[in-house]
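So the sequence lines, in the order shown, correspond to chains A and B. Under full-length UniProt numbering, residue 391 is the last one in the first sequence; the count climbs by one each step, no gaps. Under full-length UniProt numbering, residue 391 is the last one in the second sequence; the count climbs by one each step, no gaps.
Fair warning: there could be bad hints in the mix.
Computed list of chain A residues with no C-beta within reach of chain B, every gap over 10 Å [said to hold, decoys possible]:
| hint | residue |
| --- | --- |
| 1 | A20 |
| 2 | E91 |
| 3 | P120 |
| 4 | G132 |
| 5 | E140 |
| 6 | S225 |
| 7 | A253 |
| 8 | A297 |
| 9 | D307 |
| 10 | T319 |
| 11 | T320 |
| 12 | L350 |
| 13 | D352 |
Pair by pair, the computed Cβ-Cβ distance ranges are [as the list claims (entries may be wrong)]:
| hint | chain 1 | residue 1 | chain 2 | residue 2 | range |
| --- | --- | --- | --- | --- | --- |
| 14 | A | D347 | B | H157 | 34 to 40 Å |
| 15 | A | F327 | B | E325 | 44 to 50 Å |
| 16 | A | T123 | B | S282 | 38 to 44 Å |
A few chain B residues that face chain A, going by a derived Cβ cut-off under 8 Å, partial list only [what the hints assert, rightly or not]:
| hint | residue |
| --- | --- |
| 17 | G311 |
| 18 | V317 |
| 19 | N334 |
| 20 | G335 |
| 21 | C339 |
| 22 | P344 |
| 23 | A366 |
| 24 | A370 |
What the hints contain is simulated information worked out from the structure, not anything from laboratory work. All C-beta atoms in this analysis are idealised placements derived from N, C-alpha and C, irrespective of residue type, glycine included.
2 protein chains.
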Amino acid sequence: MSVTRPAGFRAGSATAGLKASGTPDIALLVNDGPLDVAAAVFTTNRARAHPVLWSEQAVRTGTARAVAVNAGNANCYTGPEGFSVTHATAEHVAGLLGAPGAEVGAIDVLVCSTGIIGVPLDTATVLAGMDGAAAALGAEDEHGEGFAGAILTTDTHAKQAVHVDPAGWSIGGAAKGAGMLAPGLATMLVHLTTDAVLTAADADAALRAATAQTFDRLDSDGCMSTNDTVTLMASGASGVTPAAADLAAALTAVCHELAMLLLADAEGSEHDVAVRVVGAASEADAVEVGRSVARSALVKTAIFGRDPNWGRVLAAVGTTTAEFEPFEVDVSVNGVQVCRAGGPGEDRSLVDLSARWVDLVVDLHAGTEAATVWTNDLTTAYVHENSAYSS
Amino acid sequence: MSVTRPAGFRAGSATAGLKASGTPDIALLVNDGPLDVAAAVFTTNRARAHPVLWSEQAVRTGTARAVAVNAGNANCYTGPEGFSVTHATAEHVAGLLGAPGAEVGAIDVLVCSTGIIGVPLDTATVLAGMDGAAAALGAEDEHGEGFAGAILTTDTHAKQAVHVDPAGWSIGGAAKGAGMLAPGLATMLVHLTTDAVLTAADADAALRAATAQTFDRLDSDGCMSTNDTVTLMASGASGVTPAAADLAAALTAVCHELAMLLLADAEGSEHDVAVRVVGAASEADAVEVGRSVARSALVKTAIFGRDPNWGRVLAAVGTTTAEFEPFEVDVSVNGVQVCRAGGPGEDRSLVDLSARWVDLVVDLHAGTEAATVWTNDLTTAYVHENSAYSS
């Protein structure tokens with residue numbers, strides 16, 4: 001169950017030939033309403049792909065009728081023609097979805113691309129694929145599954161999550177890659193649907209709150225993508241208007257589940273690491289420290305080597321502007337406090353790093369705020385995958 | 001020829017047993033004057049080793065008579081006793097160097113440590129080693145060579161450079177590791193000597209200018225050490241006072257030569273990469289962009305894979321705050337302009353990445369400033385070395 005679980009949505013997929021594997025590479029998600037509410041968040045990289053440049057503007061209306069995705073080509077740094085391909089895709093899909101008296105405009109179609117950078121994307125190939133995906137549209141589970149599969153690139157399996165609310169509304173989601181997890185093909189794409197009754201402002205606020213706590217804190221290799229996009233469409237087909245807090249909690253839970261699926265499927269990784277920073281003077285401090293530890297090549301290689309190397313953790317903490325005193329910091333790895341007050345604590349040989357999941361806790365002893373950043377270890381397989389494939 | 005090339009300096013080395021290899025691990029460098037001018041720069045990491053905390057204060061006088069180094073143990077995060085070990089070392093070496101009527105104070109001895117973090121350093125072991133190094137002091141080439149060898153950790157060979165000025169003064173230098181090159185054992189140490197006649201202010205200004213253009217722009221893996229230290233001692237024994245510009249140029253040249261030696265010996269590296277950013281609105285912009293590219297795991301793995309992946313370069317540029325327009329940026333790799341105006345340029349298959357040296361040029365087309373940041377590729381060997389050794 002996936003993006004078609006909420007009422008009011010149809011999905012379709014097709015094979016245009018953009019992936020070397022020959023598997024489906026075109027995915028279309030349509031909101032049949034009654035509402036056409038939409039919100040989206042995008043990479044903060046200033047170097048942005050053409051579909052990001054388009055969709056960012058298109059979603060400003062707070063509405064969208066469809067999300068059109070191609071995998072296998074990021075349509076990024078493809079020259080002035082790149083934007084034309086994106087716009088042609090939106091226009092073509094709008095034409096496919098509209099009916100006499102119920103026209104759909106190009107502006108109602110968000111476009112996402114993922115795959116290789118710097119290689120022109122052929123317009124005719126994409127449009128033919130969209131024809132196929134439109135012809136295959138449906139609201140069954142299999143259609144949602146097909147959508148979730150067609151957006152994949154280096155992922156080893158589809159990633160889906162669903163929230164079914166007792167009050168009668170639901171959320172569905174599909175994700176691929178991760179901006180900083182599977183950047184070999186340069187994109188995290190997440191597509192969320194809900195049949196709750198929402199205003200555009202509700203959708204935008206809930207989406208920003210949910211991504212800030214989940215995808216924004218996923219930092220596998222510190223590399224920011226040019227194509228990252230998270231979309232949310234609301235059909236209102238359930239007729240139920242959830243309380244803002246309920247919506248936010250459910251959306252955050254679905255995003256968290258998808259984020260953990262992305263983490264677990266990161267290219268070449270052997271460990272998932274939750275860097276939890278506690279005792280911070282502010283949440284921003286906690287996030288800064290968490291991100292610094294999560295980005296340290298030395299911390300990440302140590303975890304790959306199953307070495308609870310707390311000295312490298314403190315060295316990463318020391319590069320931040322967060323409030324802390326070096327000789328007050330504690331570090332625990334999988335429950336063993338290996339560093340106490342900036343010095344050796346419990347015996348590091350007590351730490352078991354054989355499991356995939358790693359809990360790394362840094363206590364700054366500078367306040368009461370906390371935050372978690374998730375990352376992966378840095379492995380020889382990561383280097384191999386990212387040196388062997390041009391993207 | 002090394003730190004003993006300038007007149008007025010003696011060096012000594014000894015084996016205290018701190019390195020598993022059983023090779024020399026204690027190094028002592030003494031300035032016999034007539035001047036005792038000194039300057040030093042240290043890691044900007046807020047988590048600093050005990051010898052850094054000591055030496056940073058000790059050098060504030062603008063004078064020093066000796067630099068005492070141990071390799072094999074960083075004396076970092078070793079609890080309150082760690083500072084005592086450092087201070088005892090300074091005090092002990094001062095006692096060894098002083099004579100009745102010509103006492104040397106502990107404050108005249110800078111202390112540096114490099115090696116494993118978080119493991120207590122035994123005082124008696126270090127002091128015995130300093131006794132040995134003091135007994136072996138001499139001003140011959142072999143003494144300088146011995147000093148350069150004893151400070152090494154994971155380095156594969158000693159790194160030395162000399163400038164002999166036609167005006168009758170000289171500079172000598174020895175380096176090990178690199179703050180961000182061989183961080184497995186957590187330190188770049190550089191020790192410079194000169195027999196030029198300098199004031200403390202001259203020495204400090206020349207050293208800061210030289211390191212800002214050289215070691216500060218060496219960024220192998222983005223990890224900042226807890227122990228990085230660069231020292232300069234001036235004996236004045238040549239009797240020659242160089243022009244400030246001559247001193248700055250010579251000191252920068254020696255630092256550049258040592259920096260390139262560090263780059264070439266970086267753990268597990270297969271390529272040295274000069275990221276040259278031109279057309280920047282400011283030098284700070286150029287450095288920020290260069291550092292961002294140099295720190296991108298995706299750019300670095302691509303170079304390891306001999307792939308001139310300019311899309312990853314632009315993605316790294318896009319994460320900066322520098323002034324630029326994405327669709328105006330050019331990227332050249334080893335002379336081939338693979339990206340022109342934010343789109344595909346010359347055929348990337350024309351790029352030859354078989355040699356160790358890589359010239360990567362980013363033209364921002366936003367001004368006339370430029371800067372170079374040097375880095376290495378990210379290799380499976382780097383991951384292996386840094387996951388296999390606890391440090």
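How the hints compare with the structure:
1. The non-interface label for A20(A) is consistent with chain B: the shortest C-beta to C-beta separation is roughly 16 Å, beyond 10 Å.
2. Listed as outside the interface, E91(A) is consistent with that label: its C-beta sits roughly 22 Å from the nearest C-beta of chain B, beyond the 10 Å cut-off.
3. The claim that P120(A) is not at the interface with chain B is violated, since a C-beta of that chain comes within 10 Å of its own (minimum 8 Å).
4. Separation of G132(A) from chain B is adequate, the least Cβ-Cβ distance of about 28 Å exceeding the 10 Å criterion.
5. The claim that E140(A) lies off the interface holds: its Cβ sits roughly 37 Å from the closest Cβ of chain B, which is beyond the 10 Å cut-off.
6. Consistency note on S225(A): stated as away from chain B, yet its beta-carbon is not over 10 Å from all of that chain's, at 7 Å minimum.
7. Every beta carbon of chain B lies more than 10 Å from that of A253(A), the smallest distance being close to 29 Å; the non-interface claim holds.
8. Look at A297(A): its CB is around 5 Å from the nearest CB on chain B, not clear of 10 Å, so calling it non-interface is violated.
9. At roughly 5 Å, the least C-beta separation between D307(A) and chain B is not larger than 10 Å, which violates its mark as non-interface.
10. Not every CB of chain B is more than 10 Å from the CB of T319(A) (nearest about 5 Å), against its label as outside the interface.
11. Once the 10 Å rule is applied to beta carbons, T320(A) is inconsistent with being away from chain B; the minimum gap is 8 Å.
12. With a minimum CB-CB distance of about 14 Å to chain B, L350(A) clears the 10 Å threshold, and the non-interface call stands.
13. Non-interface call for D352(A) relative to chain B: holds, since the shortest CB-CB distance, roughly 16 Å, exceeds 10 Å.
14. Range check, D347(A) to H157(B): Cβ separation about 36 Å, and the 34 to 40 Å hint holds.
15. The given range of 44 to 50 Å is respected by F327(A) and E325(B), whose C-beta atoms sit roughly 46 Å from each other.
16. With their beta carbons about 40 Å apart, T123(A) and S282(B) fall inside the hinted range of 38 to 44 Å.
17. Taken as an interface hint, G311(B) checks out: its beta carbon lies about 3 Å from the nearest beta carbon of chain A, inside 8 Å.
18. Interface restraint check for V317(B): the shortest CB-CB distance to chain A comes to about 6 Å, inside 8 Å, so the restraint holds.
19. Taking 8 Å as the C-beta cut-off, the interface hint given for N334(B) is violated, the closest approach to chain A being about 16 Å.
20. Annotation: G335(B) was flagged as interfacial toward chain A, and the flag is violated, the nearest CB pair being 19 Å apart, outside 8 Å.
21. Taking 8 Å as the C-beta contact cut-off toward chain A, the hint placing C339(B) at the interface holds, the least distance being around 7 Å.
22. Annotation: interface hint on P344(B) holds; nearest CB of chain A at approximately 5 Å, less than 8 Å.
23. Given hint, A366(B) at the interface with chain A, is violated; its Cβ is 12 Å from that chain's nearest Cβ, farther than 8 Å.
24. Restraint check, A370(B) versus chain A: the minimum CB separation of about 20 Å is more than 8 Å; hint violated.
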